[in-house]
Amino acid sequence: VPTGVWIDERGRVVRPGEPAWTTSRTSTFGGKALVTEGAEYVAAIRDWVAKGDKSVYALSDAEFARRVQPRSPNEVDAEANFALAVWFHHGKHPELAKKHFERAQQLNPDDWNYHRQDWSFTPGEAGAKWLDKFQKLEAPYYPKLELKPKPDGRD
Amino acid sequence: MDRREFLRAMGGTMMLPATLGAQSASRATVLYDGRAIVLNRATADGDALWIQTADLSSINGFELKPQGACREDICIPIPRPMINGTRFNLSAFAQRVGQRVVADPVMRVWSFGEIPVVRGAFLESRQSPDFSVPDRKGRLVRLSQFRGRKLLVVTWASW
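Protein chains in written order, with the numbering used here: chain V, 1 to 155; chain Y, 1001 to 1159.
Hints in this document: simulated from the structure, not taken from any laboratory. Virtual Cβ for every residue (Gly too), placed ideally from N, Cα, C. Check each hint, because a few of them may be wrong.
Claimed, not checked - On the chain Y side, residues computed to face chain V include the following (Cβ under 10 Å):
| id | residue |
| --- | --- |
| 1 | Arg1119 |
| 2 | Glu1124 |
| 3 | Leu1151 |
Claimed, not checked - No farther apart than 35 Å at their CA atoms in a straight line, the calculated lysine-lysine pairs in the DSBU-like style are these:
| id | chain 1 | residue 1 | chain 2 | residue 2 |
| --- | --- | --- | --- | --- |
| 4 | Y | Lys1150 | V | Lys148 |
| 5 | V | Lys136 | V | Lys98 |
| 6 | Y | Lys1150 | V | Lys51 |
| 7 | V | Lys32 | V | Lys98 |
| 8 | V | Lys54 | Y | Lys1150 |
| 9 | Y | Lys1150 | Y | Lys1137 |
| 10 | V | Lys32 | V | Lys136 |
| 11 | V | Lys51 | Y | Lys1137 |
| 12 | V | Lys99 | V | Lys144 |
| 13 | V | Lys133 | V | Lys92 |
| 14 | V | Lys98 | V | Lys133 |
| 15 | V | Lys136 | V | Lys99 |
| 16 | V | Lys133 | V | Lys144 |
| 17 | V | Lys133 | V | Lys32 |
| 18 | V | Lys92 | Y | Lys1137 |
| 19 | Y | Lys1150 | V | Lys144 |
| 20 | V | Lys148 | V | Lys51 |
| 21 | V | Lys133 | V | Lys99 |
Unchecked claim - Some chain Y residues well away from chain V (every beta-carbon gap over 10 Å; in silico):
| id | residue |
| --- | --- |
| 22 | Leu1064 |
| 23 | Cys1070 |
| 24 | Pro1077 |
| 25 | Asn1089 |
| 26 | Arg1096 |
| 27 | Pro1134 |
Between the sequences and the hints, there should be enough to build the whole structure, so can you do that?
And the structure:
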């Protein structure tokens, strides 16, 4: 799964991280749709390359700030716990690593990265755990592209 | 490469696991911004971590100046109790700037979250951080080498 960031000639971030598909495809897994929006994304890149700051896909400061929301205390705590877990994992302290891997998942249950890294230590159970969480998802598994700013700047 | 190998490889590049072992009373490890910084002259007072002031910039890019702890255009006034001779209370600094900390003082490791004011400065400037990665031949490539050209930076993960 590719994630793309656009940076202009001055080193300024034009668009923050978002799915960067290059092909459009819809497939189904477990009764849920998996959608990739590549054609739209590639067209947006081409527009930006041709028009620069004048492209409708070059985000304003307000739109950029809206998309790069401050992280919640729980999200930041989860990240700190995850870093600690990785540290203990490398230091051969599996019990301490487990404690902090689990804490990261409790604090930020929406972050697949924490689940998948933790599940990699129990590969026999990983598939079932993934499928269970996947099927309970209400939001699309792959985030939907939001290429153009909303017309009135509101959510 | 399976995920466990990936985790090992990624951790190996960012952090130095060999340093986690028997820790001396003055040794501590700080995790911040994807890096592990080993300090040889740090002291713990409960959960609080005191470091050598000279080590501050290697941890988070801040330097102590007469007007406070400064990083580029940001300066945070520092109350006197946060400094004791050559030592600086890094935990109190974190509290002052709203930075979250998860610590295991027994293992002498402190994991610091992002600094909100630094994130805020990025939102204002939108300047990409300069970083380097090895290319396919192992040569380091810096983002700033591409200044003057439009860039699409793509990362991949399996999910």
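Hint check:
{"no.": "1", "hint": "Arg1119", "verdict": "holds, 7 Å"}
{"no.": "2", "hint": "Glu1124", "verdict": "holds, 8 Å"}
{"no.": "3", "hint": "Leu1151", "verdict": "holds, 4 Å"}
{"no.": "4", "hint": "Y:Lys1150 / V:Lys148", "verdict": "holds, 19 Å"}
{"no.": "5", "hint": "V:Lys136 / V:Lys98", "verdict": "holds, 24 Å"}
{"no.": "6", "hint": "Y:Lys1150 / V:Lys51", "verdict": "holds, 11 Å"}
{"no.": "7", "hint": "V:Lys32 / V:Lys98", "verdict": "holds, 31 Å"}
{"no.": "8", "hint": "V:Lys54 / Y:Lys1150", "verdict": "holds, 14 Å"}
{"no.": "9", "hint": "Y:Lys1150 / Y:Lys1137", "verdict": "holds, 23 Å"}
{"no.": "10", "hint": "V:Lys32 / V:Lys136", "verdict": "holds, 10 Å"}
{"no.": "11", "hint": "V:Lys51 / Y:Lys1137", "verdict": "holds, 34 Å"}
{"no.": "12", "hint": "V:Lys99 / V:Lys144", "verdict": "holds, 33 Å"}
{"no.": "13", "hint": "V:Lys133 / V:Lys92", "verdict": "holds, 29 Å"}
{"no.": "14", "hint": "V:Lys98 / V:Lys133", "verdict": "holds, 20 Å"}
{"no.": "15", "hint": "V:Lys136 / V:Lys99", "verdict": "holds, 25 Å"}
{"no.": "16", "hint": "V:Lys133 / V:Lys144", "verdict": "holds, 19 Å"}
{"no.": "17", "hint": "V:Lys133 / V:Lys32", "verdict": "holds, 12 Å"}
{"no.": "18", "hint": "V:Lys92 / Y:Lys1137", "verdict": "holds, 32 Å"}
{"no.": "19", "hint": "Y:Lys1150 / V:Lys144", "verdict": "holds, 24 Å"}
{"no.": "20", "hint": "V:Lys148 / V:Lys51", "verdict": "holds, 15 Å"}
{"no.": "21", "hint": "V:Lys133 / V:Lys99", "verdict": "holds, 21 Å"}
{"no.": "22", "hint": "Leu1064", "verdict": "holds, 24 Å"}
{"no.": "23", "hint": "Cys1070", "verdict": "holds, 22 Å"}
{"no.": "24", "hint": "Pro1077", "verdict": "holds, 22 Å"}
{"no.": "25", "hint": "Asn1089", "verdict": "holds, 18 Å"}
{"no.": "26", "hint": "Arg1096", "verdict": "holds, 16 Å"}
{"no.": "27", "hint": "Pro1134", "verdict": "holds, 19 Å"}
When each numbered hint is compared with the structure, no violation occurs for any of them.
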